[in-house]
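> One letter stands for each residue in the lines below.
6 protein chains.
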Amino acid sequence: MSQEILIGKLAVLLATLDDKEVLHFQSQLKDVEFCTGKVGAMNMEKVIAAVETAAKRENIIAEHLYRENHALYHTILEALEGITRGQFAIGDMKRTVGLRFAIIKGKPYTNKNEGEWIAVAFYGTIGAPVKGLEHEVVGLGINHV
Amino acid sequence: MSQEILIGKLAVLLATLDDKEVLHFQSQLKDVEFCTGKVGAMNMEKVIAAVETAAKRENIIAEHLYRENHALYHTILEALEGITRGQFAIGDMKRTVGLRFAIIKGKPYTNKNEGEWIAVAFYGTIGAPVKGLEHEVVGLGINHV
Amino acid sequence: MSQEILIGKLAVLLATLDDKEVLHFQSQLKDVEFCTGKVGAMNMEKVIAAVETAAKRENIIAEHLYRENHALYHTILEALEGITRGQFAIGDMKRTVGLRFAIIKGKPYTNKNEGEWIAVAFYGTIGAPVKGLEHEVVGLGINHV
Amino acid sequence: MSQEILIGKLAVLLATLDDKEVLHFQSQLKDVEFCTGKVGAMNMEKVIAAVETAAKRENIIAEHLYRENHALYHTILEALEGITRGQFAIGDMKRTVGLRFAIIKGKPYTNKNEGEWIAVAFYGTIGAPVKGLEHEVVGLGINHV
Amino acid sequence: MSQEILIGKLAVLLATLDDKEVLHFQSQLKDVEFCTGKVGAMNMEKVIAAVETAAKRENIIAEHLYRENHALYHTILEALEGITRGQFAIGDMKRTVGLRFAIIKGKPYTNKNEGEWIAVAFYGTIGAPVKGLEHEVVGLGINHV
Amino acid sequence: MSQEILIGKLAVLLATLDDKEVLHFQSQLKDVEFCTGKVGAMNMEKVIAAVETAAKRENIIAEHLYRENHALYHTILEALEGITRGQFAIGDMKRTVGLRFAIIKGKPYTNKNEGEWIAVAFYGTIGAPVKGLEHEVVGLGINHV
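Protein chains in written order, with this note's numbering: chain F, 90 to 234; chain W, 90 to 234; chain D, 90 to 234; chain H, 90 to 234; chain G, 90 to 234; chain S, 90 to 234.
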């Protein structure tokens, strides 16, 4: 593979693993910028906002530059496709999600002209708004910044 | 969480991690049935067939029982949504995928009446049919068997 | 066909026919559990809730078992695809639906190991929220329980 | 309802019922033009062609008038949404369909200025290309001609 | 081409060009009925309503005739696909649109039996609800009336 | 608007207008790179390939840089959504397209830190593979490069 840093894999591990498990992969994180967060919601708007807010607060994207906002936004949408799996909007369907997310920015390709790329991963549960009536979901989006 | 085995997380780890990394999670795999495989393809039909063949060969689903085939099929489709991310069929779009997949069957819920569930995860790359012009993708589907 | 009970056809007939017309098919209903209901709505959430409530009240699915809730939920979503026909959420589009629905649970296959399956059918009208500006719609979903 | 002829219901019944059952509804068919047919296929193209050919052969639409072809084509696509239920193209997914279809043209509305409308209904099975590994599906599309 | 009036092209030009630029195309508009308007919104419902209201006010469609409402509604939905580009509902995703629209009705085909057709075009911006964080979008729908 | 060059509008005009009409807009094209082309096809693969080939041949994107290929590819897909309008793949549905396309690269925003963006527009006809049974379609995609 022409990638020397697997930002997609790392984003999924950061979203999926607990604090102790993630220690096994710490050395792979030294060359990327990243942050993680949590969001529980019954609509996609709140999920999107949580990721955008975290990315700006941690300076992973520049708040006032549209090209970085545009890149992040489409990355989030691609990751959400894995969560909704081709179906309709979350809130329209009596579903609720509880998600952990990770955002990674780095230069994954051996060829440094490929520049910076961003990965957004989600891991958590989706289900009826009743505890226990839910199963796991994972989503990953990747885009050039 | 009312799940005592996270079959979705385990399937994603099996598809994503290399042989050495996965050793950290070996103990969590003792109570589930699973298998893994690889597939490279320019159409979804070949990806679906590879997973179905592996699941039957490893006796994760019964070959001649439609309800198990039906459960697996919809699980694969849900996982593929994370790979295609709301877009069209792979082969129609000049894209090629190289994927590792994992299939897990187990009883994830504390309440044993919840019975068996199946998880299918994909990890790999999607891109132009030219080496290097590709990025990572992840997909996960879960269904009751 | 390897099905001896056509639960899909029966669900569609129960949703579509009036009380008198349905009498012609009464004998085919003796080996299945079923219930019917009505719902008028401008959003999918209300339609989904109406079917779920009826299915639980009539004991077609067990209220606290996630696998049965999961099976019913995906069956409803599949049936709704016939109603929305690939378009967006109902309420987002100034459309209103008036639907009759039927839920059937039974063992449709000759091979009894195939176990129980569920069918959900809708029949009614979709249109502008103005009387008469509407046409008929039908949807059917089927899943293993 | 402002419809005096339920062309959607009639199309679904024509596609779903066997020759003997349909006799109960014969009187409702006297004011519409209709035809029925069968098609088995692993791709949508063949299904679409079968319906178009039948409609032209039976003079339900005028072969060389684009507006009638356009109306029929979109009606078929809407009906197919109920068959594919939001998923990908049939042949891309190792699925095969065996369908009976009905096409009805008539003046369903009380207000005769509403003119002619067309309904296309499908009923049959979808599944793996292995006998028995399949379940029922229904689809209905309606359009002004 | 068998069209002598390109209603799709004209609708796109009316929506896209400013008052001065559109003068170059004035002569092509003499044989069609048309109107234009503007709408800013965070949900599709408001966009659909703005177009429907304009079409009725300018007598491009008859308010109480369902077949004309049905034709316009599906034309608007097709045009909105170009705006949302396969993604979810506008308001669900923290997006806002500012659109100019044009509606054209005419007899575009050389063969006059093809009758009247309608075109709806949108041009404007979509983006975050923050000035400047947005890019252009275009959509066109066409249908027989 | 914070855009001083409307690359979306210009791309649509380049794809839509004939050689004489486009002269009115020549002055707006002096600060962007662009090329145009034509493609007739019964599948999306051929349409995508035609645009990619033109963009590389005219040096609008660098052939061996994945980030530019990735940006162009997603721009093409977004533009194709306007052509297919939420429906299935072209070739699966007995449809054929005849399209003119335009690709524009430029720095549209007043804030020069926003850098380069790309727009792809299509204009032409879609229909049955029979001359005359077709109507116009337009699509536009925009992405940061």
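Be a bit skeptical, because a hint or two may be false.
Intra- or inter-copy, both count: the list cannot distinguish identical chains.
[Claimed, not checked] Here are the computed lysine to aspartate or glutamate pairs in the DMTMM-like style, where the Cα-Cα straight-line distance is at most 25 Å:
{"id": "1", "residue 1": "K145", "residue 2": "D108"}
{"id": "2", "residue 1": "K201", "residue 2": "E110"}
{"id": "3", "residue 1": "K119", "residue 2": "D107"}
{"id": "4", "residue 1": "K196", "residue 2": "E152"}
{"id": "5", "residue 1": "K183", "residue 2": "D108"}
{"id": "6", "residue 1": "K201", "residue 2": "E134"}
{"id": "7", "residue 1": "K183", "residue 2": "E152"}
{"id": "8", "residue 1": "K119", "residue 2": "E147"}
{"id": "9", "residue 1": "K145", "residue 2": "E203"}
{"id": "10", "residue 1": "K109", "residue 2": "E205"}
{"id": "11", "residue 1": "K109", "residue 2": "D120"}
Bear in mind the hints are in silico, worked out from the structure with no lab data behind them. Since we're looking at a predicted model, the values are computed, not measured.
> Please go over all the hints and tell whether each is borne out by the structure.
Here is how each hint holds up against the structure:
Taking CA atoms no more than 25 Å apart as the test, K145 paired with D108 passes inside one copy only; the shortest distance there is 23 Å, against 36 Å between copies. In this assembly of identical chains, K201 and E110 lie within 25 Å of each other by CA distance neither inside one copy nor across copies; the values are 31 Å within and 27 Å between. For the identical chains of this complex, K119 and D107 are neighbours both inside a copy (18 Å) and across copies (19 Å), given an alpha-carbon limit of 25 Å. When the C-alpha separation of K196 and E152 is checked against a cutoff of 25 Å, the pair qualifies both within a copy, at 20 Å, and between copies, at 19 Å.
With identical chains, the CA atoms of K183 and D108 are never at most 25 Å apart, being 31 Å at best within one copy and 31 Å at best between copies. Taking CA atoms no more than 25 Å apart as the test, K201 paired with E134 passes in neither setting, with 35 Å inside one copy and 30 Å between copies. Only between protomers do K183 and E152 lie at most 25 Å apart by alpha-carbon distance; the minimum there is 16 Å, versus 33 Å within a single protomer. Proximity of K119 and E147 under a CA criterion of 25 Å is satisfied intra-copy only: 16 Å inside one chain copy versus 39 Å between copies.
Proximity of K145 and E203 under a CA criterion of 25 Å is satisfied in both settings, with 23 Å inside one chain copy and 17 Å between copies. Taking the closest pair of Cα atoms, K109 and E205 never come within 25 Å of each other, the shortest separation being 29 Å inside a single copy and 28 Å across copies. For the homomeric pair K109 and D120, the shortest alpha-carbon distances inside one copy (20 Å) and between copies (21 Å) are both at most 25 Å.
Violation of the numbered hints given earlier is confined to hints 2, 5, 6, 10; the remaining hints are satisfied by the structure.
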